[in-house]
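Using my numbering, read the sequence shown as starting at -15 and increasing by one per residue.
Note that these hints are calculated values from the structure, not bench results.
These numbers come from a predicted model, not from an experiment.
Just so you know, not all the hints are guaranteed correct.
Computed cross-link-like contacts, PhoX-like style, restricted to lysine-lysine with a CA-CA straight-line distance of at most 25 angstroms [unchecked claim]:
id, residue 1, residue 2
1, K20, K31
2, K123, K12
3, K173, K31
What follows is a set of in silico ranges between Cβ atoms, one per label pair, in the way DEER data are often shown [what the hints assert, rightly or not]:
id, residue 1, residue 2, range
4, N75, R124, 32 to 42 angstroms
5, Y95, G6, 40 to 50 angstroms
6, A148, L(-10), 25 to 35 angstroms
7, K170, T39, 43 to 53 angstroms
8, N208, Y92, 42 to 52 angstroms
Quick reminder that beta carbons are idealized off the backbone N, C-alpha and C, glycines included.
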Amino acid sequence: NYIMGLFVAPLVWTPVSFWVKGHNYHHKVSNNLDKKQYAQTSPWTVKEFHAQSITGKIVYTFIYGPYSLWTLIPSLYFMGVQRIFSKWYENLLQILYVSFIFYLGTDYLKYDLIVAALASCAGLFLFHVQHTFPYAYRKRSTEWDYYENGMRGSSYLQLPWYLAYFTFGIEYHHIHHLNTRVPGYKLKKCHDEGRHLFRFVPHLSLKEAFQTITFSLYNEEEENFTNVYSELL
-15 NYIMGLFVAP LVWTPVSFWV KGHNYHHKVS NNLDKKQYAQ TSPWTVKEFH AQSITGKIVY
45 TFIYGPYSLW TLIPSLYFMG VQRIFSKWYE NLLQILYVSF IFYLGTDYLK YDLIVAALAS
105 CAGLFLFHVQ HTFPYAYRKR STEWDYYENG MRGSSYLQLP WYLAYFTFGI EYHHIHHLNT
165 RVPGYKLKKC HDEGRHLFRF VPHLSLKEAF QTITFSLYNE EEENFTNVYS ELL
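Given these sequences and hints, build the entire structure.
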């Protein structure tokens, strides 16, 4: 899998080493309020935000505020930030891929970059709604539970079939968090056969998912999310 990922990675602008490390960490700590949430789009609580300096607040707002999060940040993250933490040979493969596209013609490179930018926005949206929705499960270490996090802190995004074709089953994110060894092509079957077990898993329609795009801070007292812009003023 790693070797295959190494050579597919340049096509999707994502170094496999960085992805594997981040993915493993995420599954150990997601929605644990005492752990750093590198892979989530509302990583701080309101209390943490107000404890920061004005510079810290501005930086956080730029990264996670809806206006920048859904426009600039996806491309900056996928095409820039990830390169900082990737292996040298992964960066070399990415350079070779870009050079090959450029050799084919600047139009090809332009189209590739446009597609990559749009795909990064779509990917970030999927990451966002997997754990950021009304009254999602978030607990301190003393109360945090792996099973409960999978069942109540991970969403089931109900996509129409023509969109689900592109997601490889990751909309069944509750299954993925209960057992990461279930392959993507079996997530739907697993959910369907155990449907009676997942009645209380948070179900999100596409409309409800879009209503979460302003969620950027977690209010621990209210056990719900808020918009960082409302806390900055």
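Status of each hint after checking the structure:
{"no.": "1", "hint": "K20 x K31", "result": "15 angstroms, holds"}
{"no.": "2", "hint": "K123 x K12", "result": "13 angstroms, holds"}
{"no.": "3", "hint": "K173 x K31", "result": "41 angstroms, violated"}
{"no.": "4", "hint": "N75 x R124: 32 to 42 angstroms", "result": "38 angstroms, holds"}
{"no.": "5", "hint": "Y95 x G6: 40 to 50 angstroms", "result": "28 angstroms, violated"}
{"no.": "6", "hint": "A148 x L(-10): 25 to 35 angstroms", "result": "28 angstroms, holds"}
{"no.": "7", "hint": "K170 x T39: 43 to 53 angstroms", "result": "46 angstroms, holds"}
{"no.": "8", "hint": "N208 x Y92: 42 to 52 angstroms", "result": "45 angstroms, holds"}
Consistency with the previously given hints fails for numbers 3 and 5, ordered from lowest to highest.
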